[in-house]
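2 protein chains.
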Amino acid sequence: MFRPEIKVLDCTIRDGGLVNKHKFSHEFVRKVYKALAEAGVDYMEIGYKNSDKLFSRSEYGPWKFCDDEDIRKVREGIENGPKVAVMVDIGRADLDAIKDRDESPFEMVRVAAYVKDIDKAIAHVNRFNAQGYETTVNIMASSRDRGPELDEALAQIQAESKADVVYLVDSFGHYYQEQVDAMMVRYKDKIVGREIGFHGHNNMQLAFGNTIEAIMRGANFVDGTLFGIGRGAGNCTTELLLSFLKNPKYDIRPVLDVVSTEMVPMMKKGEIEWGYIIPLMISGAFNVHPKDAIAWRANDNPERDNYRAFWEKTVGTGLD
Amino acid sequence: MFRPEIKVLDCTIRDGGLVNKHKFSHEFVRKVYKALAEAGVDYMEIGYKNSDKLFSRSEYGPWKFCDDEDIRKVREGIENGPKVAVMVDIGRADLDAIKDRDESPFEMVRVAAYVKDIDKAIAHVNRFNAQGYETTVNIMASSRDRGPELDEALAQIQAESKADVVYLVDSFGHYYQEQVDAMMVRYKDKIVGREIGFHGHNNMQLAFGNTIEAIMRGANFVDGTLFGIGRGAGNCTTELLLSFLKNPKYDIRPVLDVVSTEMVPMMKKGEIEWGYIIPLMISGAFNVHPKDAIAWRANDNPERDNYRAFWEKTVGTGLD
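First to last, the protein sequences are chains Y and C. So the first sequence is residues 1 to 320, counted in the working numbering. So the second sequence is residues 1 to 320, counted in the working numbering.
Be careful, since some hints might not be right.
Heads up, the list lumps identical chains together, so a pair's fine if it works in one copy or across two of them.
[Said to hold, decoys possible] Under the rule of at most 27 Å between Cα atoms (straight-line distance), these lysine-lysine pairs were calculated in the DSS-like manner:
#1 K21 / K268
#2 K313 / K249
#3 K268 / K313
#4 K31 / K313
#5 K34 / K313
#6 K246 / K291
#7 K23 / K34
#8 K7 / K249
#9 K246 / K313
#10 K268 / K291
#11 K7 / K99
Treat the hints as calculated values from the structure; they're not laboratory data. From a predicted model like this one, the values you see are computed outputs, not experimental measurements.
Please construct the entire structure, taking both the sequences and the accompanying hints into account.
And the structure:
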């Protein structure tokens, strides 16, 4: 697939940070940024712009806050690297810490919101747009919010927001390709003259297939992480995206190096886990938030590998 | 998806046997058969009917040969279990060891053949059909044999063979869903009045997505293995298939039990490997046989985790 409009956004540090409380070392983050620069990847999302009035700096690492100084250290001396994106969660950010684009070391702000918070998301996006940033709205948990509210939210984004990209996000890893098709139809019906993005999760080993499907249906922004690191089952892998996309500007080899030297050893070490883990597969199949499955996998739960018990618990608690 | 015609064939023991020289214990094979029986799975493929004139019984385990007596021991006392299938490779089987269906402990023979061997495959299938078996032709490496020879082979199977099912096999784990679509169109154009099957490999994490795609396009026989065990990257997982298919006769829970108690511990033990392994991802992307990637992963290769080197080697050797 070669469509020059397609952009790859690597969110290894942001989504991977959800697994280790955003405690990646500066050295590691810089290594990832350098590899993505050499690979020709378009964007790197580096973390959240959260407020330290709400979250403790002793509990969380630097990529929960993404101080400008930390981002500058990552980029220093690396020319022509990916544009840097930060994520803003509704109600958790310190908006005053986000200076105008021309004083900042990042280019894009992604606003993550549930359908119910779409008014707030639009206000955020328009503020960041006025400050000079590229912006996205990432509509989370779309597999749970598929009622008419979703169409209204899309229409409202189209009418009122300055967002450059509107993302379809499969937060629970629940979709298969036919559902992605149907959602892309709804998005394209409402979102005109701006790009559509897709962010999958790999609970049912469908993140890459669904991303391909979204691309086939017109999505031009696609998210990946190195070796799929991310909360729970993780994400579409960046190396698979680069192996699939035929744009000659992409070079998979620097990414393979980081997967070799950093990601596979990190997974083997076992302090954090992600990937094809049956309780996460089950939460994806049931279309529920991964938090219960992640809690089930706690090291001190003697039942963590009792998958039947988790399945029966999930049936029992139903769709909440 | 609920279409009563859809049949699930679990080939854990057969495809998984390629990873451990078919040395699964009788106890394990029986446990798998019992779980599949309770889960309502339709078929279980138990191994190859290979000749011990060609392969050594000291080098390989029982499921390379599938003696009738071994199969009987697995099934003994388990009523209403899956039908049992054995696989026959062209030129490797001891045809005289395959008695007529009414004297045998298995119901189906699957004949695996490259396009070039399709005449032999048809002769085999017709022989087994005359002996009373259900039969399939599994056309291997279809991603490499996509010329007009494939259409001729399909036409010939349709005209001359008694096969009940004709399989599209993605031996190299190379397809993504659009290619599965295109292949299903070619199959349906030629294969009429019998079923089409799909057997995927998971090199690019697309085995399940491609299987769904094949189902959407009309395939009614789909293969899976427990926790995806299989040569190289492995297969579509049986538990994902059962979570997707809505036929009320399927019960995923006995399968989850075996994944808990047998498959995850087997993977953790590390004597055999399968799954998302970058050299296998690369061989899938390049559409080459997995053998070089598997050789690269040998424990005594100090470069086994140097993925860039394997990528460059694969580029260098090209399409072998």
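For each hint, the structure was consulted:
For the homomeric pair K21 and K268, the shortest alpha-carbon distances inside one copy (19 Å) and between copies (26 Å) are both at most 27 Å. For the identical chains of this complex, K313 and K249 are inter-copy neighbours only, at 21 Å across copies versus 48 Å inside a copy, given an alpha-carbon limit of 27 Å. For the identical chains of this complex, K268 and K313 are inter-copy neighbours only, at 25 Å across copies versus 29 Å inside a copy, given an alpha-carbon limit of 27 Å. Only between protomers do K31 and K313 lie at most 27 Å apart by alpha-carbon distance; the minimum there is 24 Å, versus 41 Å within a single protomer.
Taking identical chains as interchangeable, the C-alpha atoms of K34 and K313 lie at most 27 Å apart only when they sit on different chains, with a minimum of 24 Å there against 44 Å within one chain. Proximity of K246 to K291 under the C-alpha cut-off of 27 Å is restricted to the inter-copy arrangement: shortest distance 25 Å between copies versus 36 Å within a copy. In this assembly of identical chains, the alpha carbons of K23 and K34 lie at most 27 Å apart only when taken from the same copy (19 Å versus 46 Å across copies). For the homomeric pair K7 and K249, the shortest alpha-carbon distance inside one copy (11 Å) is at most 27 Å, but the shortest distance between copies (44 Å) is not.
For a Cα distance limit of 27 Å, the shortest separation of K246 from K313 across copies, 20 Å, qualifies, whereas the shortest one inside one copy, 44 Å, does not. Proximity of K268 to K291 under the C-alpha cut-off of 27 Å is found in both arrangements, the shortest distances being 23 Å within a copy and 24 Å between copies. In this homomeric assembly, K7 and K99 come within 27 Å of each other (Cα to Cα) only inside a single copy, at 25 Å, whereas the closest approach across copies is 59 Å.
Every hint, counting from the list given before, is met by this structure.
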